[in-house]
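Okay, here's what each chain looks like letter by letter:
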Amino acid sequence: MSNVIEIEDYSWKYVNTRTPAIEGINLTVEEGSFVGIIGPNGAGKTTLAYSMDGLIPGQYNGIKKGTVEVFGTEVEDYAKGELQQLVGVVFSDPEAQFTAMTVEDELVFGMENIGLSVPEIRDRLEWVTELTELSHLLMKPPYEISGGQKQRVALAAVLAMRPKILILDEPTSMLDPVSRGRIFEVLAKLKAEENNTIIVIEHSLENLIPLADQMVLMADGSILLQDETQAFFQQSKLLLDKGLYPPGAMHFFHELKMKNYYQGKYPLTVTEGIDLLREIKGF
Amino acid sequence: MTEKAPYIQVIDLDFEYPDGTQALKDINLEIVKGEFIALIGQNGSGKTTLSKCLNGLYKPTAGDIIVDGLNTKKSSIVQMVKRVGYVFQNPDHQLFNSNCWDEIAYGPRNIQLSDEEVKERVEEAIQVVGLPKIYHSEHPFFLSKGLRQRVAIASILALRPHVIIVDEPTTGQDMKQSLEIMDFLQDLNDKHGHTIIIITHDMPIVGLYARRVIAMAQARIMADGPTREVFTQAEVLEKTFLAPPQITQLAQADPKLGFDPGTLTVDEMLAQFMKMN
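Chains as they are written, first to last, in numbering that gives the first Met the number 0: chain A, 0 to 282; chain B, 0 to 276.
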């Protein structure tokens, strides 16, 4: 499979700060893969995300070193607006991206802006409102709906543009566990049916882990660990040292291992954890 | 032991927004001093509306809320803010002064305390939340979210309310920061005797800190009791579209494995495992 993103020796320093926000980043993302990026706040996760859709260096002043290539082209070499059709970013603060007076206008705005035909807009609107379960909110003003609903609108507005690469910055921070699960179901569907490349920055690992092919750990502006999900989480000690708590089942088996009660792999889900416990107990 | 009189009593509360949305229905609740409560439920289940009723910001459409002997319907905002403080989900929605000190002083000034008293209250609140001195004259927006949240809590503490309601204290925080904020709330509860109510979606946090859980769905209370008991009521939880923390799910999965279905934390699970082996 081909790489859709190739980042080499990349550093970015915002103009007003003394030290780079991110430094020495090397990262490749394969087409159709699902990548989870985790790390403490201030690790540089959002800066990295902005770098992949050209917001950095386009909208920010600073100093760039190294290369960030998307579909083989350096981000600055894209014509204005071109890269944003390939890469869609869902921000952690949904209000930051709202401009319209109704949810429907919000969803249509981007599509009109890139000159889609009315029938095409109608088709995509129908597809995206069904996928994100927003049909009943179309006529509401975006500022009148709940935080969780805002996050779904923000996701839908980006999906409507049908970007090949989707970057989500803490897309479920305001959601209850059920709505959170629903967003990840949408992402699973996009991965399976549309072959989108999906990059998710998340603190909540429970939903992320079963979907992610690759995981990246960032701290203090660098990538500390990057691996396939199963192998990645075998490094639980490093994660805990960085203040990142694995989900309960994994955390429990990590503690068992530390106390020499267990030697095997860590479970990624509750179901795997139950099976392992039964194995240990001999039934 | 003598029965403690409730500090807050909610009696047959209904609340309807002006557009006709029924946000709360048949709410009955008693809260005694010193509790640590988690209010959980899906988005839109009525958690935030209930909080805003408890601090008198919203008045009941039907029924009554009695706080410290005062009916919220007949009490002024000034009377209520001294008893129940509400910290917004997003600290940026409540911070508006150009430096932290003034932000915290705003409430005390607003209830017309003398300059001396205002100073005393602010210094006290700053000390409790542990806001380093270098930040006192800083603009709140230059602080990290964790520190902004502390300023937001300090501005509520300066009014010396007994009950402190914090709406989603851990949203957008990494685990380390979440534990710091929660440890701080636990201190307010243990050492300063405040009654704490958190509104949260974070079930592991509920398992670690809350002694009582009130679970809401569709404007009603579906379950109310000690955390351990509520998390073992699978059918009720299903109605609220919530699931207990992963570690509790693991403990409950198979009775033959012999774990207490009311297990709340990894440490509790581990202690049981070691006992068995």
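Don't read these hints as lab results, they were simulated from the structure.
None of the values given here were measured: they were computed from a predicted structure.
The reader is advised that the hints may include incorrect statements.
Stated by the list, open to error - Here are the computed distance ranges between Cβ atoms for each label pair:
(1) GLN262(A) / LYS255(B): 32 to 38 Å
(2) ASP101(B) / ARG277(A): 55 to 61 Å
(3) ASN60(A) / LEU56(B): 50 to 56 Å
(4) ASN70(B) / LYS280(A): 55 to 61 Å
(5) TYR13(A) / ARG210(B): 40 to 46 Å
We put the beta carbon where it would ideally sit given N, CA and C, even for glycine.
Ascending list of hint numbers which this structure does not respect: Hint check: 1, 3 fail, others pass.
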